[in-house]
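Keeping the supplied structure of chain A fixed, place chain B upon it in accordance with the hints.
The listed protein sequences derive, respectively, from chains A and B.
So for the first sequence, my numbering puts the first residue at 102; every next one is plus one.
So for the second sequence, my numbering puts the first residue at 10; every next one is plus one.
Since the hints were made in silico from the structure, they are not lab data.
Misleading hints may appear alongside valid ones.
As the list claims (entries may be wrong) - Stretch-level coverage of chain B by chain A, calculated; a stretch enters the list once three of its residues show a Cβ under 8 Å from a Cβ in chain A:
hint : stretch
1    : 271-284
2    : 291-304
Unchecked claim - Covered stretches of chain A (in silico footprint by chain B; criterion: 3 or more residues with CB under 8 Å from a CB of chain B, positions within the stretch not fixed):
hint : stretch
3    : 407-421
4    : 424-435
As the structure is a computational prediction, the values presented were derived from the model and not from experiment.
Cβ atoms here follow ideal geometry from the backbone N, Cα and C, with glycine treated the same way.
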Amino acid sequence: MKRLLNAQSAFPALASMAVLTLFAVLFLHADSQGAVMGLTALAIVSVLLLARFGWNTLAAASFAEHGRQAHAAVLLGVLIVMAAFYDNHFPLLMLASVLLYIVVCLGLNLQFGYAGVVNFASAAFFGIGCYTSAVLVNHTPLPHILIVLAGGLMAAGIGSLLILPVLRTYGHYAALITIAFGILFRVFLEVNDTLGGPQGMKVPGMEILGWKLNDGLQFGELEISFYVNYVLLALGMVAIAFMLVRRLERSWIGLNLDAVRLDETACATFGIDVARWKIAAFTLGNFLAGLAGSVYAMMTGFVAPNSFTFGDSLILVSIVILGGIGNPWGLTVATAIVLILPEKLQFIQEYRLLLYAALVILILLFKPDGLMPRQVRNYLPGWKP
Amino acid sequence: MTFGLLSQYVFNCLMLGMIYAMVAVGFTLFFGVLDVIKFSHGDVLMVGAFAGLATYIGLQAIGVDAPLAQLLIMALVATLSMALLGALIAKYLVLPLRLAPPLNTLLITLMLGSVLRESVRLFYPQGSNPKPFPRLLPDDSLAFGSFTLRADSVILLLAGLAAIVAVHLLITRTKLGLAIRAVAQDAETARIMGINFEFIVLLTFGIGSGMAALGGLMNGLYYNEINFGIGLLLGVIGFSAAVLGGLGNIYGAILGGFVFSALQSVGAVALPALFPGTSTAYKDVFAFALVIVFMAWRPTGLIAEKKSERV
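Same shape as in the complex, but just chain A (with noise of 0.2 Å):
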C-alpha cells in the first residue's frame, strides 16, 4: 500500500485518472437535474476531502513525475468517455467542442499567461477563422484540410496588423485596442450582407481525403454518431497544440516569454528583443485560435456573429483566470467545467455569465493563481527545491 501511495508511483495519477474518467461519463450521461447537480456536489465535496488528505497534491506530483503514462491515461480517458457516446449526438458534440476551446484557449494562455499580451479578442480571432472556412468551403474547391490551415492563417494575420498598434502602446491602451477590434469585428459581421449579416452562413462538412466527417460510420448493427469523427480530430490538434504549448514553455523561448512579462524594461537591457517575442506570442496564439475556429464551423454546420461577441471572449479569458493563468492543465479543467456545467444544468444556462462573471472577481480578489496555480518549471525529474 505504501509502496503505491507515492509521489514515485503512477498509481495515483492513474487512479485519478479512472475515477475522473468514470465521473465524466455519469455526468454527461445523467439526464435530470437533480443527478446533475447532486454529481456536481458530489465532485465539490470529494475534491475538497480529498485535497484535506493530500491526495491532490500527490496525484499532481505523480502526474509531472510519470509524464508520458499520465498522458496516455488523460488520452485513453477521453478516448473512453468517446466510445461511452458513441451513438449519442450531444454528449459527442460538447466533447468535441470543449477540445477545440481548450485549443483556443491554449492560444489565449500563449499569450496572456506567457508573454503577457493582452488579447480581449480571443474570441474574434476564434470568428475569423469559423468565416474564414465557411466562406472558402462555400466558394472555393479546395481541399478542407487546406481551409483548416487558412482559418489559422488568416486569424493570424489579422492578428499581425494588429499587433502594430498593440506593439506601439503598453497597459490600458492595448488593451483598448483588442478590445475596439473584437466589437468592431462583431459590428461588421452584423452589417456586411455578403456574410451573412446578423443569420450568419451555413457550412457543409469536413472531408479529407475522401473522409467525409459528416458521414456516421455502420459496423453491422452499429450505428456510430458522424461526431465521433469530429472528436478524433479536435484530440489530435488538441495533443498537438497541448505538446507545442508544453515545449514551448519548457525551452528558452518560454523563458525569454516569461522575462518579456514579468519586467519588459529589464528584458530589453539584458538584449532580449521584447517586441519578437510578443509578435510570436500574439501571433501562434491567433493561428491556433483560427485553426480551432475552421474546424468548429465545419462541425457544427453554421456560423453567426451572435457566437463571437465581446462576452464570449471574456468568458475565454476567465477560464485562462480560473485555471490558473500559465497552466495547460489548469485551463484544460477550467475549459471542461465551464463549457459543460451550464449545458447540463439547465438553470445556469441563463445565468451564466453572471456566474462566471463573479467567480472570476472572488478568484481576483481571493486567489489571484487561479484553482490550479502555475508551478515552477522543473527541469530534473524529482529534483526538489
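Structure of chain B alone, referenced to chain A:
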C-alpha cells in the same frame, strides 16, 4: 446635401459627443487618481439610467407628475445612487487590488460590468427588452428652413456642458479639487501632506460615476429608450475617447468624446457617398478602425501622457 440635413448631422454629432465626453471624463478622473481603468463605467451609466427609470415609475405611482419635479428627483436619485455605487466599487474591488498587476484591475472591473449588465437583464422586470424612457422635456421646436432645433436637445446639450464645467471648476478651483490633483500627481506625497488618500479616491470615483449616471439619463432622454446593453458600447466608446484625448487629462477626454462622435458622423455620411452600396451601419466599424490606426500613430493620445520610467 442640404443645409438642413447637414446641420442636423452636426447637431446630432454634438449631442453624442457630449454624452461620450461625460463618460470619458469619468475614465480620465479614475485614471488620474489611481492609474487604473474602471471598465464597469459604461455599465454604471446603464444602471444609472435604469435607476432613473425606476424612480420615474415610483414617482408616477405616488402621484408626483410635474415633469420638472420628476426630472430633478430622477437626476438626484440616479446621480447619488451611482456615486455611492462607484465609491463602493472603488473601496471593495479597486483599492484591494492596488498592489496587483494593473491588468487585474481592468479584468475585475470588466467582470463587474458583466455582473451589472446581466443583473439588470435578469432581475429588472423584463430587463432583456428595450425600455421606453419617458419624454420629460418640453417638445417645442424652432424651425430654421429645413433644420428644426428641438428644445429638448438644446436643454440636454446645455445640461451636459454645465455638468462638465462644474466638474472642471471643482477640480481646478476648490480645495477638494486641489487634493484630487495632489493625489493624482503623487499619492505618497499627498498623504504626507495630510490628505486623506482613501477618502479622495472614493470621492473621485463617486464624482465620475455620478457623471456617468447623468450621461445615462441624457442618453435615455435623447433616444427615449434604454436597454441593458447600452453600457458596453458606451463604455468602450468612452474609454476610446479618453484614450484618444490622452488618459488623465480632462480636456483630452472632452476633445476625445467629440472627435469620436465626429468620426462616427463622418463614417455615416462619407462611407455611403464614397463607396455606393455600403450601409451607414459601418460607422462604428469605421470609427473603431480609425481609433486603432490612430493608436499606432499616437500611442498615448492627442494630449500625451507624460511618462518616464525609473528603473
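Given that the stretch 291-304 of chain B was listed as covered by chain A, double-check it with a C-beta distance under 8 Å for 3 or more residues. n = 9 at 8 Å, threshold three: holds.
Can you tell me if the stretch 424-435 of chain A counts as covered by chain B, using C-beta to C-beta distances under 8 Å and a minimum of three residues? violated (count 0)
Given coverage of the stretch 271-284 of chain B by chain A, checked by CB-CB distance under 8 Å (3 or more): With 0 residues closer than 8 Å to chain A, the stretch 271-284 of chain B misses the three-residue bar; violated.
Okay, the stretch 407-421 of chain A and chain B, do three or more residues pass the C-beta test at under 8 Å? holds (count 5)
Hint violations for this structure: numbers 1, 4, all remaining hints satisfied.
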